[in-house]
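Colleague: Spelled out from the first residue to the last, the chains are:
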Amino acid sequence: MTDVPMANVKDNTLPNAVSQVPSSHLDLETPEHPYLDSNELIINMGPQHPATHGVLRVILKLDGEKVLGTECVIGYLHRGVEKIAENRTYTMFNPYVDRMDYVAAVSNGLGYCQAVEKLLNVEAPPRANYIRVILTELNRIASHQLWLGTHALDIGAMTPLFYTFRDREEILKIFEKYCGARLTTHAFRIGGCQYETYAGFEKDVKNFLAFFPPKIDEYETLLTGNRIWIERTKNVGVISAEDCIALGVTGPVLRASGVKWDIRKAIPYANYSDFDFEIPIGENGDTYDRYLVRMIEMRQSLRIIEQAINGLPEGPIMAKVPKVIKPAPGEIYHSIEAPKGELGYFIVSDGSTQPYRLRVRPPSFVNLQALDLMVRGMLVADVVAVIGTLDIVLGEVDR
Amino acid sequence: MLTSTINAFTSYLGSPLPPGNAGNQLWALIYVLIIFAGVAVVVLCMNWIERKALAHFQIRLGPMRVGPHGLLQPIADALKLMLKEDIIPDEADKLVFWVAPLIGLVAAFTVYTVIPFGPSQAVSDMNIGILFMLGVSSLGVLGIVTAGWASNSHYPLIGALRSSAQMVSYEVAMGLAVVSAILMTSLNRTGTGTLSMIGIVQAQQQQGIWFLFKFFPLGLIAFVIFAIAMVAETNRSPFDLAEAESELTAGFHTEYSGLRWSLFMLAEYAAMIAVSAIAVTLWLGGWLHPFPNALNGPAWEFIFSLFPGLTFGALALFAVIGTVRMPSHSFFRIQRAGLAVFALLLAFIALLLFVIAILGRNPDASIAARFREGIDYVYWFMLKVAIFMYLFIWYRATWPRYRFDQLMKVGWKVMLPISLGVLILTAIVGVFVS
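Chains as they are written, first to last, in the numbering used here: chain Y, 16 to 414; chain U, 2 to 435.
Treat the hints as calculated values from the structure; they're not laboratory data. For every residue, glycine included, the Cβ atom is placed at its ideal position computed from N, Cα and C. Errors might be hidden in some of the hints.
[Stated by the list, open to error] Heads up, simulated EDC-like pairs for lysine to aspartate or glutamate below, C-alpha to C-alpha not over 20 Å straight-line:
no., chain 1, residue 1, chain 2, residue 2
1, Y, 275, Y, 291
2, Y, 76, U, 406
3, U, 414, Y, 246
4, Y, 249, U, 406
5, U, 410, Y, 246
6, Y, 249, Y, 298
7, Y, 81, U, 406
8, Y, 81, U, 246
9, Y, 249, Y, 235
10, Y, 81, Y, 55
11, U, 410, Y, 80
[Unchecked claim] Just the calculated beta-carbon pair ranges, DEER-fashion:
no., chain 1, residue 1, chain 2, residue 2, range
12, Y, 283, U, 413, 50 to 56 Å
13, Y, 325, U, 338, 52 to 58 Å
14, Y, 263, U, 66, 46 to 52 Å
15, Y, 273, U, 258, 45 to 51 Å
16, Y, 280, U, 329, 39 to 45 Å
17, U, 346, Y, 325, 58 to 64 Å
18, U, 91, Y, 79, 25 to 31 Å
My request is simple: use the sequences and hints to build the entire structure.
Modeller: Structure (structure tokens):
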């Protein structure tokens, strides 16, 4: 029993896993009998793994297929966005926020612009707000489409991914025509919008409104009633409303647990109070409910866009904002309902042209904390399902 | 001396005995070579068809660049895989790592020795054919388990564990479904059934019904059980837990690359064809054309013998349409010419098949007639298998993947009781009928 090959695996991975996680709540000690022990298996899922949505590393402690515990290791995509903010003027920092949650760049920009506006005591004109709402809701749909495609792919259904990407293209085309960029749009400026809507904007948006509902039905045909899909998602990754609130989880994950909390309704911003829409909530807080909540959210977003495009007011698109933005000393917290949850910006101004401190409250980062709670006692296959249903974007988690 | 040797040799070749009998070992060898080459070619074609069909399910085009409509893609892939560096991880158990893909491949190909493409178009007519098939095809999992173990890595190990558990739970239901089909073979005047694959098809011919429709819906249920179990047995979606791309990166073959990996692919596709062939043999009348009892006689025989030619004709027509529709830009000149040549080739095969069908339309002992008959058998058999292969692709495009415990639940709690019930009911009904 001198050269059992299994021993080498342990030697290679274990100290590595331990050394990079200084304060682990997992018991990552080498077992007493290093040879032929049949107790627990420690696996590194990621950072290079097809289902971790980027460079998330999850250390799994397994008993066979059963998950005994997880440990998320993040920071592989850390770019120091918050530190960068301290060395850029308010205007210069605006495009950086697009790089956090890059699938919902418009929402990020909206949150940042509104936070600075709040700091400056400026209100964007109604037309600008309506344009913002239309683009943000389109972006919410695009983000949910990407979530749906990758989530379904994680669970093993390949085809929805291509369907959602086909339809997401229509939204990206509108973005491209509006501001020239498809992904990191930088669509809004502090004080309003820089660009007036292009000729044919209304037509494009209305075409999309007619085009998209049958496509949602198409996704639902593939998944909603699918026996395997239901088995894979029902009672998987259940999280109670209390746990959600305790962990600070927001967005569709919170709503699927039965809490009717949507900042668009609770603390309306950007003229959201003008629009009539509903907040879908779930009952069980499982993966299936979160799926349904997001599907209904897409339909509700369409409703908002329809009202906004029909009631698009005339007028200026930019408020009176000084050329050099120099807010008075003070601090501000502003949060919006991003596709993934509450996206907040906490800005401290020292009266100079640069923020003294800028802190982002990213929904993905906070929601990711629920992972361990949700997958304990589940199987390996559920880990990827739960990572998918949390809808994290590592750019936002690591910043 | 020489003359007598040649005479002995020709009589040996022309022996009318069925395959598997001592007189035809040379033919058996030739069949083995044909099947080995044929399956390898079919796997290459399947590779292209799967990628194309899957792409069209998913509103993509699939391979388009290598050759017209990507027709040369499988060849390019095969070349690439052969030229890749042969990596064996340091920590792997080298011998087992080396042997594992071969086990799967050998198991998958050995099944073909009992698959009857026609009454005499088989390598052997083993009297325990179906048992042999069940035994050998479940050896395939050994390749997966050893591959997972020898890789000495975590993901392959989990993949191997899943695969072995999956195999155990589906083999049972599969076996019981097969037994209910075998029971049906004994429903003749003599009351003796058969385990021979050829005998099973002949029993369907004698009883004048495919076992799929026998004792409706008992035969159908047994068939459906088998059809589900065979997907699980070949580790295909939605039961592809052993590779589970999104969970275990690539499952049992995570550490494999290049030629060794391609051996796994070859084995997977060969096994898919093999289990489909078994389903066809047991329930869909094997080599028999549709309605063999209602639509027989020389006229119908002739009409059915035109189908192979028509199929290739249709393929040639598609190729011609593709050629015409290709953009007239000069970039596409070579591709266009290539597709035209391919269309011509298909048309030539179609023509050849038509000529054979017409020449051999009289059921006599002429070479053309025997040739025509052989082509008919193989054609109908392969057509039925092709439907299953298409279903495999369709499943993969449509369904999410089962979870490990759910798969076991379906295997033990749903399929096993149903197949057991079907077996008992088949026996009871069979006793009453005979």
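Colleague: Hint by hint, work out which the structure violates, then give me just those numbers in ascending order.
Modeller: Violated hint (a single one): 16; every other hint is consistent with the structure.
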